[in-house]
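Line order of the protein sequences matches chains G and B.
Take the first sequence: its position 382, counting from 1, is numbered 382 in full-length UniProt numbering, and each next residue is one higher.
Take the second sequence: its position 137, counting from 1, is numbered 137 in full-length UniProt numbering, and each next residue is one higher.
Some hints could be false.
Identical chains share a label here; the pair holds if one copy fits it or two copies do between them.
[Claimed, not checked] Derived EDC-like pairs (lysine to aspartate or glutamate); straight-line CA-CA distance at most 20 Å:
1. 203 <-> 164
2. 113 <-> 65
3. 113 <-> 216
4. 57 <-> 139
5. 394 <-> 41
6. 57 <-> 230
7. 390 <-> 216
Keep in mind the hints are simulated off the structure, nothing from the lab.
2 protein chains.
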Amino acid sequence: MFISTLLCVLLANTVSGLENGLARTPPMGWLSWERFRCNTDCKNDPDNCISDRLFRKMADLVVSEGYAAAGYKYINIDDCWLEKERNFAGQLVADRERFPYGIKDLSNYIHSKGLKFGIYEDYGNYTCAGYPGILGHLEKDAQTFASWDVDYVKLDGCYSHPAEMDLGYPEFGYYLNRTGRPMVYSCSWPVYQIYAGIVPNFKSIIDSCNLWRNFDDIQDSWASLESIIDYYGNNQDAIVPNAGPGHFNDPDMLIVGNFGLSYEQSKTQFALWAILAAPLLMSVDLRTIRPEYKAILQNRKIIAVDQDPLGIQGRRIYKHRGIEIWARPITPVVQGYFSYAIAFLNRRTDGTPSDIAVTLRELGLINSGGYQVEDLYENVSYGVLSPSTKIKVKVNPSGVVILRANVNADPRSTVRFGQYSTPTTLRPTDNLLTFQTFVPQSTARLPIAQPTRLPALTSTRTHFNPFLPIQL
Amino acid sequence: MFISTLLCVLLANTVSGLENGLARTPPMGWLSWERFRCNTDCKNDPDNCISDRLFRKMADLVVSEGYAAAGYKYINIDDCWLEKERNFAGQLVADRERFPYGIKDLSNYIHSKGLKFGIYEDYGNYTCAGYPGILGHLEKDAQTFASWDVDYVKLDGCYSHPAEMDLGYPEFGYYLNRTGRPMVYSCSWPVYQIYAGIVPNFKSIIDSCNLWRNFDDIQDSWASLESIIDYYGNNQDAIVPNAGPGHFNDPDMLIVGNFGLSYEQSKTQFALWAILAAPLLMSVDLRTIRPEYKAILQNRKIIAVDQDPLGIQGRRIYKHRGIEIWARPITPVVQGYFSYAIAFLNRRTDGTPSDIAVTLRELGLINSGGYQVEDLYENVSYGVLSPSTKIKVKVNPSGVVILRANVNADPRSTVRFGQYSTPTTLRPTDNLLTFQTFVPQSTARLPIAQPTRLPALTSTRTHFNPFLPIQL
Numbered sequence: 001m002f003i004s005t006l007l008c009v010l011l012a013n014t015v016s017g018l019e020n021g022l023a024r025t026p027p028m029g030w031l032s033w034e035r036f037r038c039n040t041d042c043k044n045d046p047d048n049c050i051s052d053r054l055f056r057k058m059a060d061l062v063v064s065e066g067y068a069a070a071g072y073k074y075i076n077i078d079d080c081w082l083e084k085e086r087n088f089a090g091q092l093v094a095d096r097e098r099f100p101y102g103i104k105d106l107s108n109y110i111h112s113k114g115l116k117f118g119i120y121e122d123y124g125n126y127t128c129a130g131y132p133g134i135l136g137h138l139e140k141d142a143q144t145f146a147s148w149d150v151d152y153v154k155l156d157g158c159y160s161h162p163a164e165m166d167l168g169y170p171e172f173g174y175y176l177n178r179t180g181r182p183m184v185y186s187c188s189w190p191v192y193q194i195y196a197g198i199v200p201n202f203k204s205i206i207d208s209c210n211l212w213r214n215f216d217d218i219q220d221s222w223a224s225l226e227s228i229i230d231y232y233g234n235n236q237d238a239i240v241p242n243a244g245p246g247h248f249n250d251p252d253m254l255i256v257g258n259f260g261l262s263y264e265q266s267k268t269q270f271a272l273w274a275i276l277a278a279p280l281l282m283s284v285d286l287r288t289i290r291p292e293y294k295a296i297l298q299n300r301k302i303i304a305v306d307q308d309p310l311g312i313q314g315r316r317i318y319k320h321r322g323i324e325i326w327a328r329p330i331t332p333v334v335q336g337y338f339s340y341a342i343a344f345l346n347r348r349t350d351g352t353p354s355d356i357a358v359t360l361r362e363l364g365l366i367n368s369g370g371y372q373v374e375d376l377y378e379n380v381s382y383g384v385l386s387p388s389t390k391i392k393v394k395v396n397p398s399g400v401v402i403l404r405a406n407v408n409a410d411p412r413s414t415v416r417f418g419q420y421s422t423p424t425t426l427r428p429t430d431n432l433l434t435f436q437t438f439v440p441q442s443t444a445r446l447p448i449a450q451p452t453r454l455p456a457l458t459s460t461r462t463h464f465n466p467f468l469p470i471q472l
Numbered sequence: 001m002f003i004s005t006l007l008c009v010l011l012a013n014t015v016s017g018l019e020n021g022l023a024r025t026p027p028m029g030w031l032s033w034e035r036f037r038c039n040t041d042c043k044n045d046p047d048n049c050i051s052d053r054l055f056r057k058m059a060d061l062v063v064s065e066g067y068a069a070a071g072y073k074y075i076n077i078d079d080c081w082l083e084k085e086r087n088f089a090g091q092l093v094a095d096r097e098r099f100p101y102g103i104k105d106l107s108n109y110i111h112s113k114g115l116k117f118g119i120y121e122d123y124g125n126y127t128c129a130g131y132p133g134i135l136g137h138l139e140k141d142a143q144t145f146a147s148w149d150v151d152y153v154k155l156d157g158c159y160s161h162p163a164e165m166d167l168g169y170p171e172f173g174y175y176l177n178r179t180g181r182p183m184v185y186s187c188s189w190p191v192y193q194i195y196a197g198i199v200p201n202f203k204s205i206i207d208s209c210n211l212w213r214n215f216d217d218i219q220d221s222w223a224s225l226e227s228i229i230d231y232y233g234n235n236q237d238a239i240v241p242n243a244g245p246g247h248f249n250d251p252d253m254l255i256v257g258n259f260g261l262s263y264e265q266s267k268t269q270f271a272l273w274a275i276l277a278a279p280l281l282m283s284v285d286l287r288t289i290r291p292e293y294k295a296i297l298q299n300r301k302i303i304a305v306d307q308d309p310l311g312i313q314g315r316r317i318y319k320h321r322g323i324e325i326w327a328r329p330i331t332p333v334v335q336g337y338f339s340y341a342i343a344f345l346n347r348r349t350d351g352t353p354s355d356i357a358v359t360l361r362e363l364g365l366i367n368s369g370g371y372q373v374e375d376l377y378e379n380v381s382y383g384v385l386s387p388s389t390k391i392k393v394k395v396n397p398s399g400v401v402i403l404r405a406n407v408n409a410d411p412r413s414t415v416r417f418g419q420y421s422t423p424t425t426l427r428p429t430d431n432l433l434t435f436q437t438f439v440p441q442s443t444a445r446l447p448i449a450q451p452t453r454l455p456a457l458t459s460t461r462t463h464f465n466p467f468l469p470i471q472l
């Protein structure tokens with residue numbers, strides 16, 4: 001049995017992997033977990049419990065509130081949708097009270113709205129919340145999902161041996177593929193292995209999964225978001241090359257519009273997720289989200305960065321004194337020069353905006369024909385700027401400025417498309433860029449107790465001025 | 001010289017301290033530091049630099065936008081208003097470019113709006129940003145401030161010996177008093193001593209200062225706000241008794257409406273500051289603040305808690321699993337029973353609201369006549385509830401619910417006012433209350449890898465349900 005399974009896996013990997021034609025760009029949709037968790041108390045909290053009603057309502061709103069038109073199409077159930085026991089035939093059954101019409105009926109409803117339907121399971125004996133896992137039922141459960149017209153499967157990794165995932169995740173992917181129904185396959189495989197001290201085999205993960213989680217679940221806080229941003233920046237040399245059309249890193253859900261992020265921080269998450277070529281899975285109550293947060297989630301120009309067809313994940317190219325710059329190569333590519341999305345982050349907490357001044361050349365934008373530069377939140381175009389142009393952006397504390405710089409055809413050259421090569425000045429390592437940032441000083445005011453009777457100030461002392469004037 | 005100074009201080013303390021009749025309730029107003037810092041670049045950033053123009057504009061808005069009517073009256077300059085050198089007569093001079101009309105003219109303008117005017121200095125050789133401190137000029141500078149009709153002086157402690165503050169702060173307070181002009185005296189004395197390992201003499205601080213800082217400067221982040229909340233909770237036995245009419249602890253500025261706090265977190269700061277009997281000093285750009293944050297700052301019912309005439313600072317009476325309850329005794333006091341403001345905090349980040357269920361009696365509200373209970377953000381009255389009533393509040397992640405419970409006259413007794421005694425069930429120590437909180441489970445989902453082939457679930461296993469039903 002084990003050997004035959006192994007053979008199947010090897011065969012599957014050799015022949016096709018999970019090249020299922022899906023997720024050519026990062027999936028976009030809605031996922032219940034971060035906001036609604038495992039709330040199963042439909043008696044006392046009927047509007048917020050994990051239930052048929054919740055997902056139909058969110059599907060309705062994804063369409064009626066314009067999210068679908070902006071690109072969001074998956075409506076995904078997370079944990080806590082199951083009965084605690086399989087049925088007499090060993091099949092998974094949705095909770096009969098909370099999903100009284102069954103999953104197929106819900107799936108039909110979601111499809112009737114022009115959307116796609118996703119579901120959650122776990123490779124182990126149980127899901128993380130203690131519902132039946134798929135172990136021992138891989139083929140049957142894949143068939144069940146296909147019979148329900150599932151379009152997306154998130155497979156968690158609680159209650160399983162991380163070492164067994166190298167076989168188990170590909171095996172389930174094989175069964176998913178064999179159903180003949182294309183289903184996005186989202187794996188928690190590497191994160192469980194990393195926590196267990198196992199170095200993930202990303203070659204195999206890429207071959208088997210459309211998406212995979214590398215790091216912690218996101219929580220409803222800026223601290224959690226910062227930890228994810230740091231993880232993806234600090235480990236980018238190992239992580240970034242794995243991303244591409246059909247296979248993307250998943251830094252977890254968007255928490256824009258919930259309780260823990262400020263408006264600036266919400267803009268930061270959305271911009272960074274676009275730089276990271278991340279799935280855009282909203283986990284928010286679409287009934288109550290405020291309009292300014294909805295506008296972030298529906299920012300077409302930032303979505304276009306996320307959905308760029310090259311599928312190249314961006315990198316952190318600068319990090320110093322709380323200022324970070326992230327860059328992602330995107331289309332159009334002209335004469336071998338990429339266009340770029342550039343995100344300037346201010347991780348400082350000192351109350352007042354920081355100015356960042358840098359030339360395009362220092363950012364790695366060296367096409368002599370220049371770049372059409374646009375601010376994607378402010379929706380302002382700066383026209384065509386040459387590589388020697390110094391730009392200055394003012395970034396709010398815990399906020400972001402995200403620019404798109406479309407490479408401009410050099411008027412002195414013939415335009416040829418399709419030569420892909422990363423400009424050598426786009427350094428993958430931190431702190432190699434030479435430009436300076438200008439941030440407020442004198443912020444750590446306590447304690448600065450010093451001996452009294454210091455020498456008097458003299459006229460040669462530099463005048464205190466934290467805001468050096470920078471000319472564009 | 002030193003001995004004569006010492007005598008003056010001792011004399012001043014013996015005779016009157018700084019019982020200047022001010023700050024009978026915590027001062028309310030606007031202060032520049034947290035939001036505008038030491039931005040002196042009026043050439044490139046004229047709208048945001050520390051200048052005459054900024055303070056006049058904020059004074060205008062405090063009146064025109066309704067803040068003054070809500071109780072905010074001080075317009076306070078922080079650091080970076082000075083020239084780097086005193087004038088020929090040894091007097092402090094405001095920066096001649098940024099305050100071209102001088103401080104007296106600005107003070108007149110602010111007074112003409114019906115507001116009061118505050119200024120900043122430092123006990124040491126220099127202010128924290130390197131401008132002239134008052135050391136060696138205490139009497140002269142007090143006279144200068146009085147001549148400018150200053151109403152409030154914040155005295156920082158950079159570039160001084162913390163051990164000398166025990167004499168220096170009272171000495172300057174003495175000179176302030178001797179001018180004959182009442183000026184609120186805000187001291188940084190204890191925080192510098194605490195950082196230097198000195199145990200502050202709070203008896204002397206109370207006698208000398210209207211306000212004093214115990215802990216770090218606030219920064220524009222939830223993490224900073226949480227650290228302050230924790231400091232005041234963890235050290236409440238030492239801190240709370242020092243507060244009273246005329247002398248209050250100062251946990252630092254309100255950062256509501258800036259970049260780092262979400263809406264929920266902003267409500268949390270404002271509610272907690274009211275519980276703490278804290279000065280309400282907004283540090284925000286009143287030109288751009290969004291209406292929902294303005295509404296927080298102008299919440300009349302929460303301001304009334306902050307400004308309660310008893311001036312008793314509240315305490316953290318419960319802290320467990322991320323849930324905190326804070327209570328502040330307030331008026332009316334009936335038959336020896338206090339009324340209370342009660343704040344329920346949810347420090348959890350697990351995405352979905354937590355329910356807290358508790359009887360009034362467990363909160364220390366034991367008056368048999370009951371309490372008129374009102375939710376101060378929702379602006380909903382719950383009528384008169386008896387001590388045995390179990391209330392349930394739903395608190396958003398990083399959010400707050402704040403109730404006011406006005407003691408109701410026991411219909412079986414004669415109403416007598418003025419008997420002040422803390423109910424013995426209001427325990428000052430954490431975690432002694434016996435009620436339970438109900439919060440989502442299964443949130444730390446990664447990593448929970450377990451050995452495979454766990455025993456099958458049996459029917460005796462407790463059904464997973466993080467939301468136990470609670471009846472009011």
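Here is how each hint holds up against the structure:
1. 203 <-> 164: within (16 Å within a copy, 66 Å between copies)
2. 113 <-> 65: within (13 Å within a copy, 46 Å between copies)
3. 113 <-> 216: neither (33 Å within a copy, 53 Å between copies)
4. 57 <-> 139: Classified as neither; 31 Å inside a copy, 70 Å across copies.
5. 394 <-> 41: Between copies only: 14 Å across, 46 Å inside.
6. 57 <-> 230: Result: close neither inside a copy nor across copies, 35 Å intra and 40 Å inter.
7. 390 <-> 216: neither (38 Å within a copy, 37 Å between copies)
Comparing the model with each earlier hint shows violations of hints 3, 4, 6 and 7; every other hint is respected.
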